[in-house]
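So the protein lines, in turn, are chains R and V.
Each residue of the first sequence is one higher than the last, beginning at 1 in the UniProt record's numbering.
Each residue of the second sequence is one higher than the last, beginning at 1 in the UniProt record's numbering.
Note that these hints are calculated values from the structure, not bench results.
Hints may contain errors.
Once the Cα atoms are required to be at most 25 angstroms apart in a straight line, the calculated SDA-like pairs of lysine to any residue come out as [unchecked claim]:
hint, chain 1, residue 1, chain 2, residue 2
1, V, Lys154, V, Lys110
2, V, Lys359, R, Thr408
3, V, Lys302, R, Pro247
4, V, Lys360, R, Asn204
5, R, Lys394, R, Ala379
6, V, Lys110, R, Lys304
7, R, Lys190, R, Pro247
8, V, Lys360, R, Gln412
9, V, Lys277, V, Lys360
10, V, Lys360, V, Phe335
11, V, Lys360, R, Asn410
12, V, Lys143, V, Gly129
13, V, Lys360, R, Val398
Pairwise CB distance ranges, derived in the manner of DEER restraints [as the list claims (entries may be wrong)]:
hint, chain 1, residue 1, chain 2, residue 2, range
14, R, Thr392, V, Ile173, 53 to 59 angstroms
15, V, Met343, R, Gly435, 20 to 26 angstroms
16, V, Thr255, R, Thr506, 39 to 45 angstroms
17, V, Asp309, R, Gly380, 35 to 41 angstroms
Even glycine gets a Cβ: it sits at the ideal position worked out from N, Cα and C.
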Amino acid sequence: MINVPPLTPHRELETTGRNYFSWRAGSRLWRKNGANTVYHRPDDSPPRGKLTTRPYRLARAGSRCPFTLINLPVIPFQLYQTKQGNNNILTDKFTLISARKVRALALGHKIICSGDVHQLPPLTRLSSPKMAANSARVVGSLLRKSVNFVSSTRPVTLQFCRRICGTPALHRKNLGATGPEKFTAEFIQKQVEEFEIGKRHLANMMGEDPENFTQEDIDRSIAYLFPSGLFEKSARPLMKHPVEIFPKQRAVQWGPDGRPFHFLFYTGKQSYYSLMHDLYGRVLKVEKHQDQLRAKGLFPTEPKQIALGTSRWLTKEELEALLVEPISSQDYECFIQLMERLLTMPCCSLEQQFVMNHRRQLEAQSMHQVVPPLQKDDAGVDFSTAEGRRKTSKGSVVVRDCGAGRLTVNGQDYLHYFSVLQDREQLMFPLQFCGLLGRFDLDCSVSGGGRSSQAGALRLAISRALLSFLSQSEGEAMRQAGLLTPDPRVRERKKPGQEGARRKFTWKKR
Amino acid sequence: IMSLHRLAFRLRPTVIQVRSLHSSGYVQQQEAVAVEPEPESVSVFRTHEKDPACHSDKHVGQFYTLSSAHMKTFNETCIMVRQPALEVISYLKKADYSQPALRYVFYGVKGTGKTMSLCHTVHFCYTQGWLVLHVPDAHLWVKNCKELLPSSYKSSRFDQPLEATTWLRNFKITNEHFLPRIKLKERYVWTKRESTEAGSSLGELVDQGISRVKSSSDVVGAVMKELRLQSGQPGSDFRLAVAVDGVNALWGRSTIKKEDKTTVDPEELTLVYNLRKLMKNDWSGGAIVTTLSQTGSLYCPKSAYLPQDLLGERGFDSMDPFIPVSVPNYSEKEFESCYLYYMDRNWLQHPQSRTEEGKKELIFLCNMNPSMFERLCGYL
């Protein structure tokens, strides 16, 4: 991994002293040419060409791009293009790429939100999928050129940028009128190719081996290059294989003469009915096998059951995903009933593989809690320490196995520190739940937050500390009781244009 | 069974008048719970010993019943015998009453039972036949005063007629049988027409104060002076017990304001001034038992409970040679007995509270603090 200098927005703008990264990126940022022209390069040379005369607005991560409806998490820093075609994109002597180009770059790399999949059609909608493929290809070529080649292609790429991003046609058409988007097989294939190429480029950028660049490496690199502070993980930039991004679609079901391939095509739900047909065939096969065994007299007295283990049937959604077609709930119930019928038959172990294909393992609810170690202090008394947090309070507790039932909070008696009964009840809850009330001495310290959040923080700390005195099953019981779950609720920020986090200003009619 | 909660009497500005022979302060201070006298009870938490003089260490933790002649509330009243009260009672028994009066101060964190210890001691004094001068809460005299009159006696001082009359009434009820016996030594002139001659009984003086509201504070002062003078005399047949609850109010600050919005110093109040004179140990033939209290105190931080913190410099200096008695939280045994008492009285209704785990929870939640425990059980 190359040693990349930390990316600060102000790095290149130190000479100008202006900050373009106020989040209210609006008209304030648009400045006229002339005296207020901003030079974007550290050597203060005049900007080159049309690209850099106008300072560009770089929207904050997650804002909506004004030209397209693509809601892209745009990079909060300026991505630069090499002059000489180095792969090292992040060293000095760069020129500015427009924000549009950055977006295009992102598109070329398929660095998009998973939520944007449904909005890719705006690109493809102006045209058939072929055109989409074309534009995608253009974008891909743009990527290649932008990264590796000389600036001669820049005006060309700019135009391409404009075509993709700023076509008026996009504004006019009604998005809702189009049905679900259809991707052709070629399109998907093109996407896959470009993904592979983009992956290699990314590996080169990060200085790693392109051959052994795994998905985790990709995720790591994207998280590094496009840092996002968004809470919602699915809103952050991601780069995944097209198969994961584009929903699975069925290929054309009929040949050039219009004759469908599948014999059940005219039922409307061909995969479902073929599955049911197949399943019933297997049921009959098992019955036939049973009859044969009975005839021979080898009918097993103890039928060998299929070991189901901790598995469950596919849910309706999973079945739909498997069959790539929608099914109704009655259909699903029929399917499950038939499967159950298969399972009731004595010789069903013949079809074990088939059955297990349609079952999923239940996730093991294992305890992910790190149990704090049990230490012994000088007097030979067992004790353990743990910490807990809630809202803005932090608390830590030392639980000693003395047998007195005394509590001290920040050096004071807990009766005086937590004068409200509710707080004391919170502290009592873990001990009461495990039935260990009079057994331990607690020495707590807490800071920050208010009285209720301090009590919550201490409660979490006590439960964690108690884990080391308890067995696995009791710890599991605590986890199920919710004692070990840190409360994720924090204060929601106040939004501008509203009075509080949710409260709007009083609406006045005029 | 009807029961009275232990009323936070410090916060009550008025003293309830009860038609009982004993000190009416008890009404507010008792945990009034019903007890039908069980002749053959073998309960661990109760003792049959009704006379505080006979209480000793083996009665610690047990509840004793006050006789209904002394205390008339809905049902009978019980007080728990605890170590600090026993200590003071033992000192009182052994003290030499020809020496200047000894001062005892009960102190402790909030809610540990200082006032109840005071009540126990006062009951002892009463049963011994002493004259009890009981101020239920000195804090009431320095805050929320509705009427403030400039004193007729000294122009710089202020009178509080309402508080004085209530106190006189209670004093009368408390020490009914002493009043005719004690004769005044001096002549007190109230107005041009009214005066009380020397030789008339204390009862008349007190009646004078009750009927003439305007001069009641001065009457209080006169009563205190008389008692102070007479108690040490060889001829007197009574001993004086001065019991003040919340004595730190006398040297603290007050919230009463004069007409020009300046704060009144407690010294400028007649009642407080006279009481301070009583607190000085220049008289003999009695004892002064007091309690510190943070609950009703003004401008004191909640965490202060030591005598030095609550009395302040002036208070500490004036109270200086005193016997501090610390009142701690319940011990295991005391808690146990209180718990059994509540169970016996059916005060704990919740089924969980009657189990072992419930008891442990109660211990955890109240941390052996008597008032906290009582409040907890109040809604169980």
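Hint check results:
1. Restraint check for lysine 154/V and lysine 110/V: the C-alpha separation of about 38 angstroms exceeds 25 angstroms, so the hint is violated.
2. As the CA atoms of lysine 359/V and threonine 408/R are separated by approximately 21 angstroms, the hinted pair is consistent with the 25 angstroms bound.
3. Distance hint between lysine 302/V and proline 247/R is unfulfilled; the C-alpha atoms sit about 66 angstroms from each other, more than 25 angstroms.
4. Taking the CA atoms of lysine 360/V and asparagine 204/R, the gap is near 66 angstroms; set against the 25 angstroms cutoff, the hint is violated.
5. Proximity of lysine 394/R to alanine 379/R is assessed by CA-CA distance (about 28 angstroms); at most 25 angstroms being required, the pair is judged violated.
6. With a C-alpha separation of about 73 angstroms, the suggested pair lysine 110/V and lysine 304/R falls outside the 25 angstroms cut-off, and the hint is violated.
7. A hinted pair counts as satisfied when its Cα atoms are at most 25 angstroms apart, and lysine 190/R with proline 247/R qualifies at roughly 15 angstroms.
8. Taking the CA atoms of lysine 360/V and glutamine 412/R, the gap is near 21 angstroms; set against the 25 angstroms cutoff, the hint holds.
9. The hinted pair formed by lysine 277/V and lysine 360/V fails the criterion: a straight-line CA distance of about 48 angstroms is larger than 25 angstroms.
10. Using a Cα cut-off of 25 angstroms, the hinted pair lysine 360/V and phenylalanine 335/V holds, with the two alpha carbons roughly 11 angstroms apart.
11. Restraint check: the Cα-Cα separation between lysine 360/V and asparagine 410/R comes to about 23 angstroms, which is no more than 25 angstroms; the hinted pair holds.
12. The hinted pair formed by lysine 143/V and glycine 129/V fails the criterion: a straight-line CA distance of about 33 angstroms is larger than 25 angstroms.
13. Of the pairs offered as hints, the one joining lysine 360/V and valine 398/R holds, with about 21 angstroms between alpha carbons and a cut-off of 25 angstroms not exceeded.
14. For threonine 392/R and isoleucine 173/V, the hinted distance range of 53 to 59 angstroms is satisfied, since their beta carbons lie about 57 angstroms from each other.
15. Between methionine 343/V and glycine 435/R, the C-beta spacing of about 22 angstroms keeps the proposed range 20 to 26 angstroms intact.
16. Between threonine 255/V and threonine 506/R the beta carbons are some 41 angstroms apart, a value that agrees with the proposed interval 39 to 45 angstroms.
17. Distance hint check: the CB atoms of aspartate 309/V and glycine 380/R are about 39 angstroms apart, consistent with the given range 35 to 41 angstroms.
Hints 1, 3, 4, 5, 6, 9 and 12, counting from the list given before, are not met by this structure.
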